[in-house]
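Asker: Taken in sequence, the protein lines are chains E and L.
Taking the working numbering, the leading residue of the first sequence gets 75, the next gets one more, and so forth.
Taking the working numbering, the leading residue of the second sequence gets 75, the next gets one more, and so forth.
By construction, these hints were calculated from the structure, which means they are not laboratory data.
Where hints are given, some of them may not hold.
As the list claims (entries may be wrong) - Listed below are the simulated SDA-like cross-link pairs for lysine to any residue, each with C-alpha atoms no more than 20 Å apart in a straight line:
1. 198/L - 385/E
2. 198/L - 388/E
3. 261/E - 322/E
4. 111/E - 160/E
5. 111/L - 281/L
6. 198/L - 365/L
7. 366/L - 387/E
8. 262/L - 333/L
9. 198/E - 387/L
10. 198/E - 386/L
11. 291/L - 137/L
12. 262/L - 251/L
13. 366/L - 384/E
14. 366/L - 386/E
15. 198/E - 385/L
16. 366/E - 384/L
Number of protein chains: 2
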Amino acid sequence: MFFEGAEKKLELVIAQDCGSLRLLPLLFWQEVLMLAKAEVLSSISNDDCDAYLLSESSLFVWNHRIVLITCGLSTLVDAANELISRLGEHNVAYLCYQRKNEFAAHLQSSSFIDDISILRQRVKGTACRIGHLDSHHHYLFTTDLHTGLEANLSAIGDTCCELLMYHISGPVADYLRADNQTLVDIKKYLQLDELFTDFITDAHLFSPFGFSINGIKGKQYFTIHITPQEQSSYVSVETNIELSTYTIDIISYLVSILQPRSWDIIGFNVQPNVPAAPQNLCLGYCSYPIDKDYNVHFSHYQQLCPEALNPELL
Amino acid sequence: MFFEGAEKKLELVIAQDCGSLRLLPLLFWQEVLMLAKAEVLSSISNDDCDAYLLSESSLFVWNHRIVLITCGLSTLVDAANELISRLGEHNVAYLCYQRKNEFAAHLQSSSFIDDISILRQRVKGTACRIGHLDSHHHYLFTTDLHTGLEANLSAIGDTCCELLMYHISGPVADYLRADNQTLVDIKKYLQLDELFTDFITDAHLFSPFGFSINGIKGKQYFTIHITPQEQSSYVSVETNIELSTYTIDIISYLVSILQPRSWDIIGFNVQPNVPAAPQNLCLGYCSYPIDKDYNVHFSHYQQLCPEALNPELL
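Kindly produce the complete structure, drawing on both the sequences and the hints.
Answerer: Pasting the structure below:
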């Protein structure tokens, strides 16, 4: 029943004088995704963005930028490598390749170190790990800003927030692990219509468990992926909504519904609030400057009450 | 500079009607250890026990019982398999195979699941994981008590305590990472002569860092292994001293000297006290009954103050 929910993520920005990425045919993305062992299940579009729901997470395509997130045993670096080839190295204005710490790293076909040795043959960049190896940690590879090209600074400067929840509990977690779930009920329990008003959404229920949803509204997006399996549950939420001016505290809301034992918040150019409930301890935090105007903020939280652990028979 | 400090451990008890394991020649142990990718560096003996200091941790041999601990990229399961062959499956009264969660599991040549599939071809047993995969966790495989043989119950019933410390800090940790260390100074900083009075000891300093010590006194033993590397420091302490009646609170003492960010305590038939300082939170705890009179107690602690993490450039 184990499924690796923890994701790999690629953000790629191309030079402003390139044509729009949205003009590329579906076949282009299908061929690239195949290298990552992922395929398109469905898609939605608006004037600014195409959002593809994948067998292994999500792809968002704007005119000059993509965000590609894949989980499981996907080989995202191979798709990244192919994308660089097809788009041309000289057209890559910015690339950020991220891996979250896996539950079962030994099952992956490559490590982050393997991945960046491939990427470094194509683009120059800086890599780091944030967080200890024996606890939650995240790997980042980011290219230096491409001085020969007019970088799409406004796109790079966009804020993005990732909320990663581990070991969810409570009635909604129980529902997500039960038989006979429906998309309608999951959306209702997560109150997604209230949290993300007026977004176009595209959701998928996996068998026997698992839920993915993409939402777009203008240039804004959100995506949620739920791996509810009892012993290795993981929920990721990612959005570029400006949380500080948003009417609802999305992070607090989702943490209170899903009651994770621990969670990480990663803010790209944004430092989100700490949820007040459940009572929690920040175990570790870090700020990492990618560029002078671009900071990554990482924080790792744990519920304050000790957890009675159940041995898992193997 | 990375070294995998986290250990694999084998405890093996043979039937009381077998000859003494201590009569086996050094070559026997050398050949078995070679399969685990470990070798004997030195040894000490008393009337009850032979203690071997290894290139990868320690081996203790009593008349009817061994404890073999190996770290790094050692392949302990291969040594365990060979030992079962040489001693005879029918002579194995009890076997416990343990793996602590590795810092870099993907670098290991096998997983715990791989290992127990080998052991299960030889002996019947029960396996479990205690602790979440994304945090500290420990794997245990224990054989059912061998009803056809008179098991060495008193040996099995022995208490054993493991204290595993992660991310040590402070002046002693700094010394352990510095150049020009000496065995004399390390023993003095750790106050080992006061903590373990009248033990015969055997210590080794590895290059450029790393410290191992075995100590024996009658049937009692302790062993300490220190991997001080800044980004992946790990210290293990193991002893069968009866902590509840001991004059010094060894665990509190070593935690206060080495100031780990987090630590685990695993008690086999013993539930050690929680150190009062530094201020800490028990993140998770578990009791696991191996047999009706034999319980394993696991607790995972973290310092209460949030840690400012430094990104590690890769």
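Asker: All the hints need checking, so say for each whether the structure fits it.
Answerer: Hint check results:
1. 198/L - 385/E: At roughly 19 Å apart (the allowed maximum being 20 Å), residue 385/E and residue 198/L satisfy the hint.
2. 198/L - 388/E: 13 Å, holds
3. 261/E - 322/E: 17 Å, holds
4. 111/E - 160/E: The given pair, whose Cα atoms are some 18 Å apart, holds under the 20 Å limit.
5. 111/L - 281/L: With a Cα-Cα distance of about 18 Å, the restraint between residue 111/L and residue 281/L holds, given a limit of 20 Å.
6. 198/L - 365/L: Since the Cα atoms of residue 198/L and residue 365/L sit roughly 14 Å apart, the hinted pair holds (cutoff 20 Å).
7. 366/L - 387/E: 17 Å, holds
8. 262/L - 333/L: Holds, at about 17 Å.
9. 198/E - 387/L: 14 Å, holds
10. 198/E - 386/L: The given pair, whose Cα atoms are some 18 Å apart, holds under the 20 Å limit.
11. 291/L - 137/L: Holds, because 15 Å separates the two Cα atoms, which is no more than 20 Å.
12. 262/L - 251/L: 16 Å, holds
13. 366/L - 384/E: Roughly 18 Å separates the two Cα atoms, so the pair holds.
14. 366/L - 386/E: Holds. Residue 366/L to residue 386/E sits at ~19 Å (cutoff 20 Å).
15. 198/E - 385/L: Between residue 198/E and residue 385/L the Cα gap is close to 19 Å, so the pair holds against 20 Å.
16. 366/E - 384/L: Distance of about 18 Å is within 20 Å: holds.
Every hint from the earlier list agrees with this structure, and none is contradicted.
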